[in-house]
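Engineer: Chains R and E are the protein sequences, given in the same order. No gaps in the numbering here: position 195 of the first sequence is 195 in the UniProt record's numbering, and each next residue is one more. No gaps in the numbering here: position 46 of the second sequence is 46 in the UniProt record's numbering, and each next residue is one more.
Derived by calculation from the structure, the hints in this document are not laboratory data. Errors might be hidden in some of the hints.
As the list claims (entries may be wrong) - Using 30 Å as the maximum straight-line C-alpha spacing, the simulated DSS-like pairs for lysine-lysine come out as follows: (1) E:K54 - R:K39; (2) R:K120 - R:K185; (3) R:K86 - E:K14; (4) R:K79 - E:K54.
Claimed, not checked - The following label-pair restraints were derived from C-beta to C-beta distances: (5) R:Q172 - E:L44: 50 to 58 Å; (6) E:Q72 - R:D208: 51 to 59 Å; (7) R:L210 - E:D71: 41 to 49 Å; (8) E:M43 - R:K86: 22 to 30 Å; (9) E:E30 - R:K86: 21 to 29 Å; (10) R:K88 - E:I80: 19 to 27 Å; (11) E:Q17 - R:G41: 51 to 59 Å.
Beta carbons are placed, not taken as given, at the ideal position from N, Cα and C, and that holds for glycine.
Residues per chain are reported as follows:
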Amino acid sequence: MTKDAKGNPPLGRVIVITSGKGGVGKTTSAAAISAGLAKQGFRTVVIDFDVGLRNLDMIMGCERRVVFDFINVIQGDAKLKQALIKDKRLDTLSILPTSQTRDKDALTKEGVEQILTELKTEFDYIVCDSPAGIERGAQMAMYFADEAVVVTNPEVSSVRDSDRVLGLLSSQTRRAETEGAEPIKAQVLLTRHDQTRIDSGEMMTVEDVLEILAVPLLGIIPESKAILKASNVGTPVVLDGPSAAAQAYEDAVARLTGSQIEMRIAGERRPGLFQRLFGRAS
Amino acid sequence: MNLFSFARKPRPPKSAQTAKDRLQILLAHERSGGAKEADYLPMLQRDIVAAIRKYVEIGETDVDVRMERGDQMSSLEINIELPEVKPKSI
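For reference, chain R alone in the conformation it holds in the complex (with noise of 0.2 Å):
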């Protein structure tokens, strides 16, 4: 995989950010792994599925600016190029909102599958923002995805809901009903991980989390302040100024485009004054 997208054709890889159950991060997640991989160049469109409760655009600070959204665009009454919302910071990365009116029944598959196509001519990455539970937008967010992101809380009705996701992503998606295609590549990416909580037994390790759900972490995100804060402002956390939570989904972006990036677990520690005065000395 090449760093430098420009020039070279799109990759057009679409990417599902899931969970099955409902906030454990996954519209913050989308957004700072859209601008992650933006800001690493590559051209990065990120889907809102909620269809009815859209939120993407207000995490992405947009909502001022939505005028035509998915849904419109799958019914024909704007083109894709109208629809979709040029980020202001980024100018790798797009964002194209869904209805805020409309019923989820507007999502098609074959609507979905065209807008899909026409995407992947342009971008490298398309992030779809998958809606809370299993119902239509969840599977529409997941049925033509080449790779899964699972975000799971280390929280008994979390992982479970990730365990079911996961059934679902192998067994009602496009590559897992095409008959020799590679199955979507899944993987955990543990968000609020609390290292105090965990050193005094109240929360499941990174490691039980992988041993129930099996399959491979692309990061763990720290519980951090810094994700309300850019949710404040409308900000993706990876733009929002240096933080644990930035520096976690970076790390995993990293990963998502492979380069092999030791797992850290990053807590919310801030440089100590000593580390501060010495520490960019050296």
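Knowing the structure of chain R, use the given hints to seat chain E on it.
Structural biologist: Same frame as chain R, but now just chain E:
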């Protein structure tokens, strides 16, 4: 925000205030018939295309409608890409 609330509690941190402001603007739009708005824009665009086509041959995608919503007012930006000079051919 009234004068006394300042004395009673600490000012909310900056990003929390941003969050509140963004929500207030957005929800004001959504509550006051955001649904209708979503419907008129595609029609508006179709009408603009039709009107211009009376004079110049343009494609469906040559009209670009952008919107920027604010708390006091919103602005609609319409960009029309005209083809090379030759009118009514190509």
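Engineer: Take the hints in turn and mark each one as holding or not.
Structural biologist: A quick look at each hint next to the structure:
1. Taken as a hint, the K54 (chain E) and K39 (chain R) pair is broken in the structure, with Cα atoms around 44 Å apart against an allowance of 30 Å.
2. With a C-alpha separation of about 18 Å, the suggested pairing of K120 (chain R) with K185 (chain R) holds against the 30 Å cut-off.
3. Using a Cα cut-off of 30 Å, the hinted pair K86 (chain R) and K14 (chain E) holds, with the two alpha carbons roughly 26 Å apart.
4. Between K79 (chain R) and K54 (chain E) the CA atoms are separated by roughly 21 Å; this keeps the pair inside 30 Å, and the hint holds.
5. Separation of Q172 (chain R) from L44 (chain E) is about 39 Å and departs from the stated range, judged on CB atoms against 50 to 58 Å.
6. A beta carbon spacing of about 53 Å between Q72 (chain E) and D208 (chain R) agrees with the range 51 to 59 Å that was offered as a hint.
7. Taking the beta carbon of each, L210 (chain R) and D71 (chain E) are about 47 Å apart, inside 41 to 49 Å as hinted.
8. One distance hint, 22 to 30 Å for the beta-carbon pair M43 (chain E) and K86 (chain R), holds here, with the actual separation near 24 Å.
9. At roughly 23 Å, the beta-carbon separation of E30 (chain E) and K86 (chain R) lies within the given 21 to 29 Å, and the hint holds.
10. Taken as a hint, the range 19 to 27 Å holds for the pair K88 (chain R) and I80 (chain E), whose Cβ atoms sit roughly 23 Å apart.
11. Roughly 34 Å separates the CB atoms of Q17 (chain E) and G41 (chain R), a value that falls outside the hinted 51 to 59 Å.
Hints 1, 5, 11, counting from the list given before, are not met by this structure.
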